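Chemist: Sequence order for the protein chains is A and W. If you count the first sequence from 1, position 134 lands on 134 in the UniProt record's numbering, and the numbers rise without skipping. If you count the second sequence from 1, position 160 lands on 160 in the UniProt record's numbering, and the numbers rise without skipping.
Quick caveat, the hints were computed from the structure, so don't treat them as lab data. None of the values given here were measured: they were computed from a predicted structure. Note that the Cβ used here is the ideal one computed from N, Cα and C, for glycine as well. Worth double-checking, as some hints may not be accurate.
Unchecked claim - Below, in silico cross-link-like pairs of lysine-lysine (PhoX-like), each with a Cα-Cα straight-line distance of 25 angstroms or less:
1) Lys26/W x Lys159/A
2) Lys508/W x Lys592/W
3) Lys19/W x Lys159/A
4) Lys151/A x Lys13/W
5) Lys90/A x Lys508/W
6) Lys151/A x Lys26/W
To be verified - One side of the interface only, derived from the structure: several residues of chain A facing chain W at Cβ under 10 angstroms:
7) Ile36
8) Gly41
9) Ala103
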Amino acid sequence: MITFILNNKTIKTSEHSGMTLLDFVRYEQRLTGTKIGCREGDCGACTILVGTLNKDETISYQSITSCISPLGNAHGKHIVTIEGTNLKNKLTATQEAMKANYATQCGFCTPGFVVALTGFALSYSENNYNNALNAISGNICRCTGYKSIEKAAHQVVEKLKHYNSKTNFKWLIENKFIPEYFESIPKRLKDIEIKDLNQPKGKYVSGGTDLYVQQADHLADNDVHLIAEKEYLKGIAIENGNCTIGTNSTVSDLWNHSKLNSILPNLRTHLKLVSSEQIRNMASLGGNLVNASPIGDMTIFFLALNSTITIINSEGKERTVALKNFYQAYKTYDLNADELLKSIHFKLPNKNAFFNFEKVCKRTHLDIASVNSAIYISVENDTITEAHVSLGGVAAIPKYLHETSAFLTGKSLTSETILEANERLQKEIAPISDVRGSSDYKRLLGRQLFFAHFTELFPKQFTLNDFVQHA
Amino acid sequence: MLKDTSNNILKTKLNAVSKDLKESIKNLDSYTHVRGESLYVDDVNIRQGTFHAVVFDSPKAHGKIKHIDYSKAEALEGVIRIFTYKDIPGKNEIGGIIPDEPLFAENEVHFWGMPIALIVAETEFIARKARDLIDINIEDLPVITTAKEAKTKGSFINAPRSFSLGDTENAYKDCDFIFEGETFSNGQEHLYIEAQGAYAEPLENGNIKITSSTQGPTAVQKTVAQVLGVSMHKIEIDVTRLGGGFGGKEDQATPWAVMAALATHHLNQSVKLILNRHDDLRMTGKRHPYESSYKIGLSKDLKILAYEAEFLQNSGAAADLSPAIAERTLFHATNSYYVPNVTTKVLSCKTNLPPNTAFRGFGGPQGMFVIESAIAKAASEIGVSPRQIQEANLLDENDTFSYGQIAKQVEAKTSWNSAKNIFNIEALERDIENFNRTNKAFKKGLALMPIAFGISFTNTPMNHARALVHIYLDGSIGISTAAVEMGQGVNTKMMQIAAEVFSVPIEKTKIETTNTTRVANTSPSAASSTADLNGKATLMACNSLLERLKKVASEDLNAPEDSISLKDECVYTNGEKSKLSWTDLINKAMLKRVALTENAHYATPEIHFDKTKEKGHPFAYHVYGTAIVITTVDCTRGTYEFDSVKIVHDYGKSMSKGIDLGQVEGALAQGIGWMTMEEIAYNKDGRLLSNALSTYKIPDLFSVPKNVEVIPLETKGHELAILKSKAVGEPPLMYGIGAYFAIQNAIKAYNPNYNLKFHAPMTPEKVLMSLYQN
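This is chain W alone, in the form it adopts within the complex:
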């Protein structure tokens, strides 16, 4: 009975989703995407005589440079010049948060792949050939590759951070169960299909324009100016679009742009630097590997009374964004659970890996993996289902997060219960039990994964954006913001806002490239906040223009301003269509010398955070949801497939259900990849072994879940979300964590001797070894 009812609900919901997909707005960039006409850095027309550059990098993870001989490389025909730190007119410094990262190594190298020089030649091919002719002699220094080793040796990026709520020491006394354990989650390669790159062109007066594949144009501009020793206004950064970013181009798009600019500065010639895949994999940082330990205390009724965790973040050889990422690990250490007594600590450990960096989720997933591991361990020891513990501890309205923010508009329980009801969790579990009872060679496993993810840059000052909106004489509209389009559909959302405010067809709007001369001093497109921040600024600019235009219409039609509205390119008074069209209105405004351009600035209200107390209200709001992951393990071969992932997700009031669903599905696949097949491997010398697409595998068409069902949670949305459409970029990645535990549950169904392991990713190798572990 129960099953039938719930299946009907599901059917109705899925039909609604499918109808929404047909009707919702398509990504407006898709026309040029599918025709191969979208322009990425390497596609932009280059000037005659452009030079090409290749980076020469360290073949050792740590050492003193004794000797470098460039003479053979310089002698190669077609080589223009080789640049090193000696050619830097300004500072040899590119660190964003902490000034600890040189553009080019000087006397020491700190990671395998660390840039040492830039070879500029007539073609990329010649530059690459020249690179092979460079002789380098490095005296080895001790190499640290793991966070634990760094901790032992006292090698840190900065001082540790710690959050606390309540009193864990005392709370453990009241606990009926206490468990401790260790976990590991590996790094993850971004694998944006478009590799890093930049193209620099000389302008007049020593000015330089750089087309960069970056999520953070201002960071690039600032760093180029610093390295060249010029002021920022001489440097213009232009971004057309990115062939994927995922955080990998938030900070680490910068060095390549700086190098191209440096060469242009010296040569007064255009220089293009596009990394090839192997160079990109070797030279750039990844998601941080974490080694963590936890202590969890529960009452008899499965309430988590106390939770302590220490996170060792493998930061790599320089700070990059590691301190900010470490902070977010603490913010999300208790995921969507209320724990009254919490002590968490994170140490950013300095090692000899490439500086690890932002990656969708930004430290959050690493924190969540630990508490989910703790819950799985506790459940296994107590002899209950993990979901009983998960369910007993979900956040409620007005609960306090460990960082002091009071939870409001909480959807943890609503999304959890909706997922359970809509997808009929009891029936799913029963089916799996039956399957496992009757099947010997295949076992199924299920896991639930609730999420709560805070939206805003945790660094409060970064939560601002500006938009510049022009209305042209014919009524068409140009919009400039700081938003960088990298597949998330932000261009479409910005155009939707303008089209809606002015009630014009979306074809009359256009998004300009992201350019530092039009919108300056910007925050990067990151933290899932791009549409919120830039969208709110766009909305403000459009609304100001609208008010101005209403005044013009009011004078022209001799009607009160508040009776004026715009609809379908016409002016309406009191809901009645007037003779004045949109274009007429614009012309009238022009004749009246009314400004048809507006620049608006938006700064997220309400948020604040005091780092001295580690308390505050850092997030505009949280995004919630729950996923049910079901997997089948082939117990002969140790391989697995995902039968389905069933999600109830909190979109708020989605602006484009198709675009937002794409974000959920894409993030999910990335999360599953991180937890299962994507395995970064360095050897003890710090050399990357998973250094090609043949050795680093990301999900393909056949490895993603057979069936993905995403049901929107019915909510009112949130005022601080753009048009109440909640941020969707990062949160769904963490549904992928469920994949780890689903596989583990299937293994347990086959091998009763299996001891739970918390060491991600769960590769086929680990699965097979676990199936046959005695």
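So that you can see chain A by itself, here it is in the shape it has in the complex:
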């Protein structure tokens, strides 16, 4: 039985764990405030909150798009829909902010925005305007042009300025952000005995953010094996200059990891280019790697970190493989049917090493790259001592640029080196024309993003003019 609390009500259901949470709340529970816009996580109209009980008995709430989330992942959680945020006969602070600023027109996307902003109020992230906007980065509105919604977000941030203790929801209840019953949730969740779901063999699903876009009907109709809660696939550890990340970690887990952010100071700037907050809250890193998309953002990211991955089979036997050798052909990679990716390892950049990630798509955020690229480069006394460059969208696999990386290593860091490296890069890639751009465009963009790494990382040394003609 899948057991969880839905708003203020405890649910025990024997529904198929692969059905979407969206269908369950809308059609099984008749909670129609959660809307269907796209069923692929791209519009946010179905945003709901997932509350997870922490070891210290606090709760962490995160927003997700329920359309690409398996019902089984709700097991042991507090699920909050728009109805679960409503107060009796009055508006919450978030709802009031939306109303007062004319931030709702046709109203169809509105519950998604309200839930996401309520999630922001409940979250432990710092209260500022940028974080409030990040919270609604996965919500699309076709009516307002967003300026009124920005004002509403601003009003929410202003109200939250008086909220100090982020682990205690009393203030939020007193100030009409959430209904009273939220106070009882930690205890109620603790009282529900959460046993591991008795799961059938079937398709492995972690966050589901890609699988449910591709094959939601199939997953709803067949056995799935949910792995999002598997402890042995979790966690981020930093030891002796090395980082190990469990493949179940989400993009948000990286976002929220303070130590990782201090070592990679631009991490959040880079991750902000990866989908939306709702999706980052669900998308597992392992899922991104085995999706094997030639433009998988996190894959490109880890390729340039020269990562290795640990693979575990059903008998618990482990092996490791360099990520750059993992991919063989389009969507083909070195993994057997009974194997799972367990963890990702990479060496953290030291003081001489630099990392950068670039991505260009039609829309800067919540879009799939036309081309993306990452670089890890170590420079001592103007000499490149180590370099790893990856480029996505230019080959059948997420591309580690072996020759370009090898060429850079040992060279002095000059514009001549970089221009010559680009010549190598151009020979290593074979982009095709598709809906994300023509092959000529991707080739040019590959060059430009390669140059961008150097203007970003060494702004005192290089400008765009050092590499290209115009201006």
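Once you've looked at the hints, dock chain W against the given chain A.
Modeler: Below, chain W alone, put in the same frame as chain A:
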């Protein structure tokens, strides 16, 4: 000096805007919207035993159906029945303007996504599974995807239309400059977040009630009756509200409602049909792509003396609303400029795309993009700023439009000059020059975009509406009109009118669902005219009731009728409060057997148009405004951001400044999306490639302009606008056209070799390729 003064003006104006926003009426639907309690089609409670339907559509853009095998699908457990054209009791015909569109394909398919059958099952999931089990064999026929190709092959929807004023042939002789060119503007997906859908229920005597997500309830009713072969009074259409329409549900909400009704008719059971997003994207038409050519002639002092344009409209596989949309392209071909000699021609080209349809602006934006392109090209060739040409040709009072209407209450120059002064255009341009001089990797560009948009259905007979107003015994008021609420705030405006006439709190008024049994034979909610037409009808109904009630009060208070007024739920005589309250008055009226219900009919006066001469006075009035768009292009990556859009807009006397500002901001974002990132892609076989939200991108929170400033133009308003509050739905979309030219100007600042291109949208791909074009 100049800068400081103007910034003070701007500050004062912005403060006033912000004060107005706090004070003006909020959208009255927002309470249920923010709580998730507003009801859309898919939220309406359904009857027990309701069936669910999924459409089976053509997997080819053009071909002969050789064979279809439904047997495996029919055998699937839970499948109730599959309907095809053979099950249609009436006509297999849904075309609104021209009868050229079947509900279901018979022997041929004409576009990829063309409905062939309806699968009805116990659940939507089963119906979808059954769809995968249908085998179809289609013999390919040649596929046309572009308008030009259709023109070459002589494939048209109807006869071309042409407007002319003066004599262009002769006028070119007097021109110092003549330029010719071609332009392309792509289609645009509506992307209402609520997909198309309908829910049909059987009533007694074979009557059917349909809850539909439509902008045009009467069109749905009429078409259902036609397809079922029953009379219209047996069909009731009810619309609660729409999760966005933008024109996409004016004509194209109809087929889904008809299909649900057809299944209900046969099965005597409720049937729900809600398209999933992929089906919606694949099966429905979009804004029309246009391939156009122009010839513009100017004098030395930059006056446009002659302008010719030929517009090739990619209409898709059936007429839908294309002829009307083509007509509006001609109406707006010269935007807000006076051109004494004009010849324009539009050809509605029949292709194998889904029938393209209404989309906010209705062909107007496509026309305006061409003349703006012509001006940009001329400016670049002559070596002046485009704004010099724009400014030299703005409309004046009493100028003649190419369709013969004399321009009155013209605000083209006032809005242009206000924008220039309030926002200090010289300072803005200077700042951009400085920025571009000192920055290598980023360049800024600016463009001005004036607009003039005609308000009314261009088809004169459609400009009418009715309202039915009840006053209940306790003094509360129910209003029914043909207006469909889809986010534009028309419900609020209707309630405002009644509340104002009777001087009661707005909470005492209620808008009923839009229903064909209460208000019949209606025009769709479209053409920016919904509030004007339905509002005027509501006002008339309320005023008639008021007169009647004044008579009652006059008798009761023994005071002359003209001394009676209503204020704050009380009756006043000669400005003095009487003992009679609003509720008392209603009760007295009831006892005196006075009718407390009124039905009023409004038809826009003054308008007319003669299609044989292509001359007349089609518009009640025009809406004007000017936008300044500023963009920054990242010359490394080819991406761009909009720093700001600064607008002076002609609202007339706005009824709700907050609601109207929302219309401007929303339309602007949609216009910018059309001109920049929204890219519809079909392959040569006519298959939609941008077939999901992952491949078709509309503006998100981070891609809209950082700063949008909208200053109302001070005007008297217009008598034909409801309470002098001018229509605001469509006009501001065309400010977005400025985005295209702003980006182009930034590219030019980086790459002096760049040849101007007039091929929208200006995607990051085009920008990068242009930056590095040799």
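Chemist: Each hint should be assessed against the structure and marked as holding or not.
Modeler: Outcome of the hint check:
no., hint, verdict
1, Lys26/W x Lys159/A, "holds (20 angstroms)"
2, Lys508/W x Lys592/W, "holds (23 angstroms)"
3, Lys19/W x Lys159/A, "holds (20 angstroms)"
4, Lys151/A x Lys13/W, "holds (18 angstroms)"
5, Lys90/A x Lys508/W, "holds (19 angstroms)"
6, Lys151/A x Lys26/W, "holds (15 angstroms)"
7, Ile36, "holds (7 angstroms)"
8, Gly41, "holds (9 angstroms)"
9, Ala103, "holds (8 angstroms)"
Consistency with the previously given hints is maintained throughout, with no hint failing.
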